[in-house]
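Peer 1: Line by line, the protein sequences are chains A and B. Sequential numbering from 1 applies to the first sequence in this note's numbering. Sequential numbering from 380 applies to the second sequence in this note's numbering.
Just so you know, these hints were derived from the structure itself, not from any lab. Hints should not be assumed to be uniformly reliable.
[Claimed, not checked] Lysine-lysine pairs mimicking PhoX-like chemistry, simulated, CA-CA at most 25 Å apart:
1. B:K467 / A:K293
2. A:K214 / A:K238
3. B:K650 / A:K285
4. A:K64 / A:K2
5. A:K285 / A:K19
6. A:K285 / B:K467
7. B:K466 / A:K285
8. A:K214 / A:K7
9. B:K672 / B:K443
10. B:K386 / A:K87
11. B:K522 / B:K586
12. B:K522 / A:K271
13. A:K88 / A:K7
14. A:K24 / B:K664
15. A:K87 / B:K672
16. A:K7 / B:K650
[To be verified] To spell it out: a stretch of chain A is covered by chain B in this simulated footprint if at least three of its residues, at any positions, have a beta carbon under 8 Å from a beta carbon of chain B; those stretches are:
17. 84 to 92
18. 98 to 111
19. 175 to 181
20. 273 to 282
Glycine included, each C-beta is placed from N, C-alpha and C at the ideal position.
Protein chains: 2
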Amino acid sequence: MKFSITKDKLVENVNHIMKAVSSKTTIPILTGIKITASHDGITLTGSNSDISIKSFIPLEENDKEYATIEKNGSIVLQARVFSDIVKKLPSEFVNIEVDSRLMTRITSGSSEFNLNGLDAEEYPRLPLIEEGNVLHVRTDLLKHVIRQTGFAVSTSETRPVLTGVNWNIQNGNLSCVATDSHRLASRTISIDADENAEYKNIVIPGKSLNELSKILDDSSGEWVEIVITESQILFKAKHLQFYSRLLDGNYPDTDRLIPAESKTDIVLSTKALLQAIDRASLLAKEERNNVVKFRTLSNEVEISSQSAELGRVFENVDIQSLEGEELKISFSAKYMIDALSRIDSQDIRISFTGAMRPFLIRPVEDEGILMLILPVRTY
Amino acid sequence: MKFSITKDKLVENVNHIMKAVSSKTTIPILTGIKITASHDGITLTGSNSDISIKSFIPLEENDKEYATIEKNGSIVLQARVFSDIVKKLPSEFVNIEVDSRLMTRITSGSSEFNLNGLDAEEYPRLPLIEEGNVLHVRTDLLKHVIRQTGFAVSTSETRPVLTGVNWNIQNGNLSCVATDSHRLASRTISIDADENAEYKNIVIPGKSLNELSKILDDSSGEWVEIVITESQILFKAKHLQFYSRLLDGNYPDTDRLIPAESKTDIVLSTKALLQAIDRASLLAKEERNNVVKFRTLSNEVEISSQSAELGRVFENVDIQSLEGEELKISFSAKYMIDALSRIDSQDIRISFTGAMRPFLIRPVEDEGILMLILPVRTY
């Protein structure tokens with residue numbers, strides 16, 4: 001293998017791949033990054049037990065030349081060191097050449113690295129995915145959906161299936177739900193898919209979605225193609241393929257958790273409430289549970305918390321409307337901050353069905369988003 | 380005590396004070412910040428066993444009004460929480476009022492905090508410093524000197540005196556030296572001081588100087604006043620007083636470490652050498668000692684390193700002149716990077732007296748700076 005490539009393009013793509021490379025792996029070759037030079041460009045591959053990422057650098061694009069191949073081939077190089085090296089190389093161009101003993105010579109300006117390569121034949125194959133049904137989602141919308149649901153997955157391995165986000169696709173809708181059994185986040189969007197496309201109980205690890213979101217570029221109105229199989233999901237963006245394994249097990253039925261009726265409905269500013277709870281939590285944090293109290297007054301709500309050691313805080317937030325009964329309730333400030341900070345709409349509606357029942361937070365304008373939080377008993 | 384103050388000014392000054400506040404302290408009241416309102420402004424004080432910082436906010440300055448005092452007084456509030464609170468307050472203004480039971484009411488917009496205060500009488504007094512001889516140093520110059528010497532202090536408590544920077548003042552010169560016994564950094568500057576001012580064996584903790592440097596503002600050509608006593612040093616900038624304790628013990632005589640003659644003298648670009656060593660260290664880091672090899676060639680020097688596992692690297696840097704013998708030497712890449720990254724001049728002269736003797740790095744233009752590194756035996 002022998003090629004030269006522009007440093008910036010190489011660095012950018014190595015950064016993507018590094019999202020899938022773990023230094024802690026039971027398969028030593030997976031601490032490496034696989035580099036393949038072929039007639040049309042350079043492919044980089046990284047993988048861990050959950051995620052695999054493949055990134056492609058074309059020889060040229062939009063009249064810019066990125067790479068010149070002198071000889072096709074493949075090599076696996078230690079990922080962390082390779083990534084550090086390419087970032088620091090002195091020249092705008094990098095030459096990479098592999099000899100018959102897999103010694104890989106990387107030169108750039110007056111710098112010369114000779115790295116011990118590993119045989120690319122020993123690198124595990126990526127899952128073979130039959131592209132039957134392909135779903136299409138706008139990249140920026142997919143990133144929003146991930147941000148608005150992924151935060152609510154469980155971080156505990158007690159019920160592994162809850163560490164994932166549950167996707168259901170039916171009638172041209174994608175519905176995503178995550179819950180850690182104390183709170184829930186869900187969003188439904190319409191997607192571009194075959195009418196008959198129907199997938200149930202797809203559970204994608206929250207970590208995979210998080211890493212995917214980091215490397216998807218939503219600046220240019222691109223679309224992501226999604227292919228789902230029994231055990232894998234593949235996201236295809238321009239020059240990028242992102243594979244994640246799916247979680248085993250049945251995701252619980254979350255519909256029954258969502259109260260159908262409400263006794264108190266409040267409409268108020270998302271930002272004002274978020275900031276008030278953020279401040280109130282400063283004293284709540286010092287206590288064990290980070291719980292704040294919330295009660296309705298005539299034209300406002302009062303959020304308060306106290307710490308025996310530090311003192312008390314009272315925050316008042318104006319409300320736009322209050323329907324139904326007066327209410328006193330307590331909840332985790334963290335869960336509320338998590339939910340509110342994922343809602344981009346100016347105003348939200350909170351629907352309560354009593355101090356001990358889960359309550360719902362929805363943007364006033366968009367019913368596709370629903371957040372649910374279980375209260376804490378303190379009053 | 381009762382006053383109101385602009386939020387931005389309060390946040391800025393609390394941030395300064397926080398540099399002196401430690402959450403780990405054997406004196407509980409020192410986890411607090413002392414706030415004093417008097418006729419001319421607000422004073423904030425923070426302290427730990429090494430550093431005390433006093434910051435003053437005048438009622439007004441440059442036609443800007445910062446604070447209004449309704450009632451003089453003092454209080455001590457838990458520093459971490461107070462700092463978090465003021466940063467997040469909703470309005471441009473903050474009102475602070477202390478009642479007779481030391482309950483401190485902080486209001487801003489619709490936010491109200493009631494913090495348990497501590498009696499300011501119980502807060503330790505800052506050291507009393509007689510202002511006899513006062514030295515004057517330009518703020519930006521003082522920050523440079525700290526950056527160019529402080530990095531070389533020892534981080535080990537085996538010889539506590541080496542964790543400080545040794546200052547000597549004589550004949551209008553301030554000479555600063557730090558060494559951890561493997562490398563040394565020194566800088567001498569001329570300062571504005573009384574002719575007879577003479578101080579020897581002043582050892583200031585490296586950490587103190589580091590924190591001082593962070594809060595000194597060098598944007599407007601200000602000067603720092605320095606007062607030195609038996610056990611304390613006081614730095615006075617505009618509205619800011621920074622006290623540090625001095626270290627006990629005799630600082631070793633470092634002059635005898637510095638070779639008077641040299642056998643090989645090289646002049647080359649600071650940045651080119653720094654970057655080459657930075658890259659060469661990528662493979663050296665993986666080994667135990669982070670050592671790179673350095674040898675002179677006809678018109679260049681070669682820096683190399685190797686790791687059995689990863690491979691080898693060769694870097695070549697052009698030199699502007701070479702006087703004396705050819706040389707092969709090995710040294711810690713980290714020490715070299717530390718030294719080179721503190722030299723702002725374009726070119727440096729490195730003077731060697733053989734492969735097993737300490738070598739000197741000096742800027743070509745400015746002889747006030749001197750860095751010394753002990754080599755490592757590998758050739």
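Peer 1: Compare the structure with each hint and give your call.
Peer 2: So, going through the hints one by one against the coordinates:
no., hint, result
1, B:K467 / A:K293, "holds (19 Å)"
2, A:K214 / A:K238, "holds (15 Å)"
3, B:K650 / A:K285, "violated (47 Å)"
4, A:K64 / A:K2, "holds (20 Å)"
5, A:K285 / A:K19, "violated (32 Å)"
6, A:K285 / B:K467, "holds (15 Å)"
7, B:K466 / A:K285, "holds (16 Å)"
8, A:K214 / A:K7, "holds (21 Å)"
9, B:K672 / B:K443, "violated (59 Å)"
10, B:K386 / A:K87, "violated (41 Å)"
11, B:K522 / B:K586, "holds (14 Å)"
12, B:K522 / A:K271, "violated (41 Å)"
13, A:K88 / A:K7, "holds (9 Å)"
14, A:K24 / B:K664, "holds (19 Å)"
15, A:K87 / B:K672, "holds (22 Å)"
16, A:K7 / B:K650, "holds (20 Å)"
17, 84 to 92, "holds (count 5)"
18, 98 to 111, "holds (count 4)"
19, 175 to 181, "violated (count 0)"
20, 273 to 282, "holds (count 5)"
When held up to the earlier numbered hints, the structure conflicts with 3, 5, 9, 10, 12, 19 and fits the remainder.
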